[in-house]
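Residue numbers (the numbering used here), protein chains in the order written: chain H, 1 to 580; chain P, 581 to 921.
Check the hints yourself; a few may be wrong.
Sample of chain H residues facing chain P (criterion: CB under 7 Å; computed from the structure) [claimed, not checked]:
| id | residue |
| --- | --- |
| 1 | W81 |
| 2 | T82 |
| 3 | V159 |
| 4 | E163 |
| 5 | P167 |
| 6 | H170 |
| 7 | L172 |
| 8 | I419 |
| 9 | I438 |
| 10 | C569 |
I should point out that these hints are in silico values taken from the structure, not numbers from a laboratory. Remember, predicted model here, so these are calculated numbers, not experimental data. Cβ atoms here follow ideal geometry from the backbone N, Cα and C, with glycine treated the same way.
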Amino acid sequence: MTDPHAAAVPSLADAPLPAVGVSVARLPPMTRRLPTGREAIRFAVCAALLLLITTPLVAVFAQGFAAADGLWAHLLQTVFWTYVSNTLMLCLGVGLITGIAGTGTAWLVTMFRFPGRQLFEWALVLPLAMPAYVLAYAYTDLLQFTGPVQTLLRQLTGVRYGEYWFPQVHSLGGAVFVLGFALYPYVYLLARAAFNEQSVCALEVSRTLGCSPAATLWRVALPLARPAIATGVTFALMETLADFGAVKYFEVPTYTTGIYRAWFATANPTVASQLASALLLFVFVVFAAERLSRRAGRHRHTSNRYRSLRHDRLRGIAAAAAIVACILPLACGFVLPAATLFAMAAHSGGDLLSTPRLIELARDTVLLGAIASVVIITCAVVALYALRGGRSLLARLAAMVCSIGYATPGVVIGIGILIAIGALDRLLATGLQQAFGISAGMLLGGTLAAITYGCLVRFFAVAYGPLEAAMAKIKPSYEDAARLLRGSSTSVLRHVHLPLMRSSLMIAALIVCVDVMKELPATMILRPFNFDTLATEAFQLATTERLDAAAVPSLLIVAAGLLPVILLCREVRRSRPGQG
Amino acid sequence: MAGRLRGLFALLAAILLPALAAAASNEVNIYNSRHYTTDTRLWEGFTAKTGIKVNVISADHDQLIQRILQEGENSPADVLITVDAGRLVFAADKNIFAPVSSPILEKTVPANLRDPKNLWFGLAYRARILVYHKDRVVPSELSTYEALADPAFKGRILVRSGTNTYNLGLMGAVIDADGVAGAEAWGRGIVTNMARPPEGGDTDQIKAVAAGLGDVALSNHYYFARLAGSANPDDQAIVRNLRVFFPSLDDRGTHINISGAGVVRTAKNRDNAIRLLEYLLSPEAQAYFADVAFEYPVNAAVPLNPTLAAWGPFKQDRLNPAVYAANSAEAANIMDRVGWK
């Protein structure tokens, strides 16, 4: 995201540069020559990664080429359009909530001073620790017909069912609410980082040219922050498309639950695969469109002159409005559900998980998060570096394809990996049998390697996106300078890029870690024997109608997620360029 | 460089270790879709008795079945346990199970609670009952499942989603009793009579009756038993004014579903798997199903949970689950057609 060291590194960029907002043309490649050994290796690594990440998706795709014996006709007649319209409404709603709440709060806490601003600045990230399905459990308990709120309402007013209107939790609206407030921190984080690193010069120039503060936001700050906001909203929407836990619990028929139903309940892999492929295609198109539109208007900061942002002090009604605007998403996404979970945990009698069992669950969860984030970050850096500056369409296409896993429902990835690893295991088993006469059985399936693989496919984009953004912010002039000094590409990576991206790496690793710990469907499908995570345990308790018992593991997921999130908060607070 | 390689090997070892551990000899691998936090007691009991180590993956039955299918011949699964007959039959259709001939199993499990070819065996059974409010429903109003579609129940019925396996099982049985057209008409009647669109699980329907949202809830018996047998005052407050009724399907008796298990065709530890099934039907394990899970034990020698015993005996529909489960695809289509969401 941002690099605190940027200003400290002496470079060509310290020289006077063209006006703000105008892109710096990249120097043309110095020489064009045939790939050397090194570059061939780079290409091979890249191809291997691409193969690794796309194999499960292709495996799913391949299931689609068969006759679908009538299920399509039935789907089209009955539920298909419900899936589509629900999913579109869900995306629209979540896009609006995350875009407005995320960008709005980010702008408020970066640009203004008001009571509580310093608290909100970091606290607004907290919902990141709260998986959407946990929010779903908490709000179900709180707001359902038999929950405390409605019961109190009936007791106080004497009205009965049907005589009053109350928002239905288990509904499309409920899902929009839960996903929107679980996911807005993605937009908040990225928008805040973008606002934070904008040069005061740009803002001041706009003010001296006669823009009001609102016009400055609209015409300068937002366009400069647009790639960050778009990335944030894209993340949120991809999470929404892939969400399974919350919509399944709310029984909202979405495209994803439709795929699940076709694949698992009616066991029609052909139709399920066709549904999944259509979804992937849709995501791919949206993805490509977003990238293309970003290319059309490329805004870059060109000034390195950072001063502290001038915070306008808000008073009276304006301050109160700002406070309310910050409290609302924080309360909906974190405080209220967390308090509800505590109450549920306190209420539940018996059937609770024992302490040793909880420790075991927490240990497995953290282990998985740690292993997966190391693997994923490594792969992302390798891919990023191999694709860096890749002008070819192929390179860009590769980056996009690799990121598509993020919008792919975990169930689809789970199935894809079962198919891919199953085939690989059969191959290995046959090979070992023929070569050494050993009957190996299953080697990779049912190991942590399988889930780690699943997480890699699913969360590659989470690591790749921010790192790519960070890399893009490192001015090509640095690398050109290093290259002029005869630095090899590995040494440029080690001595220029990685140090500059240190904080982004840290943030990416933490986000991936939290995401992996929260991950539900792929973990459910792929995990080894005697290996349960807090997420799988909570989900199974909730779906077997012991919501109270699910509160404790849910709280632990939140707690485990909080640690990285707090570090993230600190990172965010320190991330003002020139103050590192 | 050497240090880095060591690190890499350590990582690889950490990732692959569970697989190696699972390859040890005297053990049994269970794919389990029953989910109770206290299930470990069952497995510990088995290990204590036989010395056989138990490995478990618990997940949704559909997920486990897909996993076995994709793993193919290499699947480490020895036993598949599900909580729905429909899924057992489905697994059998997919050629996942191998028949087991065990005098103990055949003697303990009544013929209507196991597969005709002994591919799977019921471990415990659950009745699909009615839970009603004692002040708003006269017991004489209640008779059959079919009667719930009568206009007399308009706006009074609470029932969960039609995609749920327990409702699919019931619908499959209604198809068997009344034919496809009859079942579809019944489904339409139920949808018309719903107090609200399907929402939540069986427990939520029971709670909604207590809160006055509707009068009669369709539920598996143990959800109500769990509340009735609970020491929690909140749960006691819910069940205080509620009563249970065992409806009949046509005149055959109450629809029952099973929690059951089969030995996987590709099992590497087949003997251990059979011993596990035999253990699960032993009085010791069956008492666990009865006491902790509030299910009806398949082993007739095991006493009922006091909560269930208090409800008295009931006439069960002896239709083999294999029959109604075979109707589940048709049942799912009917649910979609009648709008039972």
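Original post:
Taking the closest Cβ pair, is P167 of chain H under 7 Å from chain P?
Top reply: violated (13 Å)
Subject >> Per-residue hint verdict: V159 of chain H, partner chain P, C-beta under 7 Å >> reply: Nearest chain P Cβ about 11 Å off; hint violated.
Original post:
Should the interface hint for T82 of chain H be scored as holding, given a Cβ-Cβ cut-off of 7 Å against chain P?
Top reply: violated (9 Å)
**OP:** Return the status of the interface hint for C569 of chain H: holds when the least beta-carbon distance to chain P is below 7 Å, violated otherwise.
**Re:** violated (29 Å)
Subject >> E163 of chain H as chain P interface residue, shortest Cβ-Cβ below 7 Å >> reply: violated (11 Å)
Original post:
Are W81 of chain H and chain P close enough, Cβ to Cβ, to be under 7 Å, as the hint says?
Top reply: This hint is violated: W81 of chain H lies away from chain P, its Cβ roughly 12 Å from the closest one there, beyond 7 Å.
Original post:
Given L172 of chain H as an interface hint, is the shortest Cβ-Cβ distance to chain P below 7 Å?
Top reply: The hint is violated - L172 of chain H has no Cβ within 7 Å of chain P, the shortest such distance being about 12 Å.
Original post:
Regarding the hint that H170 of chain H lies at the interface with chain P, is the smallest CB-CB distance below 7 Å?
Top reply: holds (5 Å)
Original post:
Are I419 of chain H and chain P close enough, Cβ to Cβ, to be under 7 Å, as the hint says?
Top reply: holds (6 Å)
Original post:
At a threshold of 7 Å, is the proposed contact between I438 of chain H and chain P supported by beta-carbon distances?
Top reply: The hint is violated - I438 of chain H has no Cβ within 7 Å of chain P, the shortest such distance being about 12 Å.
Violated hints, listed in ascending order, are 1, 2, 3, 4, 5, 7, 9 and 10; each of the other numbered hints is respected by the structure.
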